[in-house]
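Undergrad: Here the protein sequences come in this chain order: A and B. In terms of our numbering, the first sequence is residues 256 to 471. In terms of our numbering, the second sequence is residues 174 to 293.
Just so you know, these hints were derived from the structure itself, not from any lab. Just so you know, even glycine gets a beta-carbon here, dropped at the ideal spot from N, CA and C. Don't take each hint at face value.
Over 10 Å on every C-beta distance to chain B, these chain A residues come out as not near it, computed from the model [what the hints assert, rightly or not]:
id, residue
1, P280
2, T302
3, E317
4, F345
5, R347
6, F359
7, Q364
8, G377
9, D386
10, E391
11, L420
12, L435
13, R443
14, E444
15, R447
Here are the simulated DMTMM-like cross-link-like pairs (lysine to aspartate or glutamate), alpha carbons at most 25 Å apart as the crow flies [what the hints assert, rightly or not]:
id, chain 1, residue 1, chain 2, residue 2
16, A, K365, A, E461
17, B, K284, A, E391
18, B, K284, A, D428
19, A, K365, A, E310
20, B, K284, A, D448
21, B, K284, A, E444
22, A, K365, A, D398
23, B, K284, A, D351
24, B, K284, A, E310
25, A, K365, A, E391
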Amino acid sequence: MPSNASEPLITAPGSTTRTAPDRFPLAGTVSSALKIVIVGGFGVGKTTMVGSVSEMRPLSTEEIMTQAGAEVDDLRGTRDKRTTTAAFDFGRITIDSTRVLYLFGAPGQKRFWFLWGQLFIGSLGAIVLVDTARMEDSWYAIDRLEHHGTPFVVAVNRFGPGPDLERVRAALDLSNDVPLLECDARRRESSRDVLVTLVHHLASRERGGFAPKDSM
Amino acid sequence: MNTEPVDKEAPDRLYTVTAGRGGADEPTLDSVALIVAESEPSPDMQSEHTAILRLCTRPIAVVELSAELELPVSVVRILLADLLDTGAVTARHTTPSTAQEGARHDSDTLKQVLLALQRL
Numbered sequence: 256m257p258s259n260a261s262e263p264l265i266t267a268p269g270s271t272t273r274t275a276p277d278r279f280p281l282a283g284t285v286s287s288a289l290k291i292v293i294v295g296g297f298g299v300g301k302t303t304m305v306g307s308v309s310e311m312r313p314l315s316t317e318e319i320m321t322q323a324g325a326e327v328d329d330l331r332g333t334r335d336k337r338t339t340t341a342a343f344d345f346g347r348i349t350i351d352s353t354r355v356l357y358l359f360g361a362p363g364q365k366r367f368w369f370l371w372g373q374l375f376i377g378s379l380g381a382i383v384l385v386d387t388a389r390m391e392d393s394w395y396a397i398d399r400l401e402h403h404g405t406p407f408v409v410a411v412n413r414f415g416p417g418p419d420l421e422r423v424r425a426a427l428d429l430s431n432d433v434p435l436l437e438c439d440a441r442r443r444e445s446s447r448d449v450l451v452t453l454v455h456h457l458a459s460r461e462r463g464g465f466a467p468k469d470s471m
Numbered sequence: 174m175n176t177e178p179v180d181k182e183a184p185d186r187l188y189t190v191t192a193g194r195g196g197a198d199e200p201t202l203d204s205v206a207l208i209v210a211e212s213e214p215s216p217d218m219q220s221e222h223t224a225i226l227r228l229c230t231r232p233i234a235v236v237e238l239s240a241e242l243e244l245p246v247s248v249v250r251i252l253l254a255d256l257l258d259t260g261a262v263t264a265r266h267t268t269p270s271t272a273q274e275g276a277r278h279d280s281d282t283l284k285q286v287l288l289a290l291q292r293l
């Protein structure tokens, strides 16, 4: 059983309420994995969003920063140096008999950005999860995603009344081609809608070819 | 089974687990590369290798191994390099990691992802 009592129950359509199982191995036929990253500030609801759509209880782990993400990671050096450790969590959704999608919830602050180089390279895209009370938490992540050319959507996790989406777009300095929507990360359908918006966004980029962002 | 989460300990212990190696001489395994056991654990294996082999009788992603073993992902990659070298495990992955993000998905994959999301 999940130890966290606040963990949301997951409701499958047309079935009774259930909790995601603790250990839920992949089918033996699965041969490839995709990833989508949900990035945001502390307490914005990343873990909640991962948990609301994951087929298994979300897992958490950590990564240590290796030199520039690619250089020799001589662990002897950690005795003397300060190392950066970043915790993150993840869940997954089986796509079909051969494919699985991993969803990562990752901190967006600058000191944790090494995770992108070490773990999140090759992601389909990203969801920037925003708390309108702390929009400045999202600036760095948005800047980096734009810089790397990683497609993303922005989802405002509504904790209560707040500024409308046009004001959020202006505050985040988002270009009009970046989808922006509201969500309730606790609700499976709502989190799913954010993912669907991201996938549509990816598909539209495919159709439109690879538009360089300075063509805007 | 390794019971002590070694990452909670002194770095010396991490150094021991990985026999003092970094991962630079190995091609980096993707964080969601799927690892599958190809053999049974043998009695002379170090406990972390045994634990990995027990976890990957079905495909399991590198990050899931990291979570289950309570070891940082980089340390798991180093442990996996040993097992890959001896053929005790194999890695299933489609696309190699590159710095080029976002341009690697085909429209069929996106369509299947959408269908899976709609089934949620």
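Undergrad: Run every hint past the structure and note whether it holds.
TA: Cross-check of the supplied hints:
| no. | hint | result |
| --- | --- | --- |
| 1 | P280 | 4 Å, violated |
| 2 | T302 | 13 Å, holds |
| 3 | E317 | 5 Å, violated |
| 4 | F345 | 6 Å, violated |
| 5 | R347 | 8 Å, violated |
| 6 | F359 | 8 Å, violated |
| 7 | Q364 | 19 Å, holds |
| 8 | G377 | 5 Å, violated |
| 9 | D386 | 24 Å, holds |
| 10 | E391 | 25 Å, holds |
| 11 | L420 | 22 Å, holds |
| 12 | L435 | 19 Å, holds |
| 13 | R443 | 6 Å, violated |
| 14 | E444 | 8 Å, violated |
| 15 | R447 | 5 Å, violated |
| 16 | A:K365 / A:E461 | 30 Å, violated |
| 17 | B:K284 / A:E391 | 34 Å, violated |
| 18 | B:K284 / A:D428 | 30 Å, violated |
| 19 | A:K365 / A:E310 | 30 Å, violated |
| 20 | B:K284 / A:D448 | 15 Å, holds |
| 21 | B:K284 / A:E444 | 18 Å, holds |
| 22 | A:K365 / A:D398 | 11 Å, holds |
| 23 | B:K284 / A:D351 | 11 Å, holds |
| 24 | B:K284 / A:E310 | 19 Å, holds |
| 25 | A:K365 / A:E391 | 12 Å, holds |
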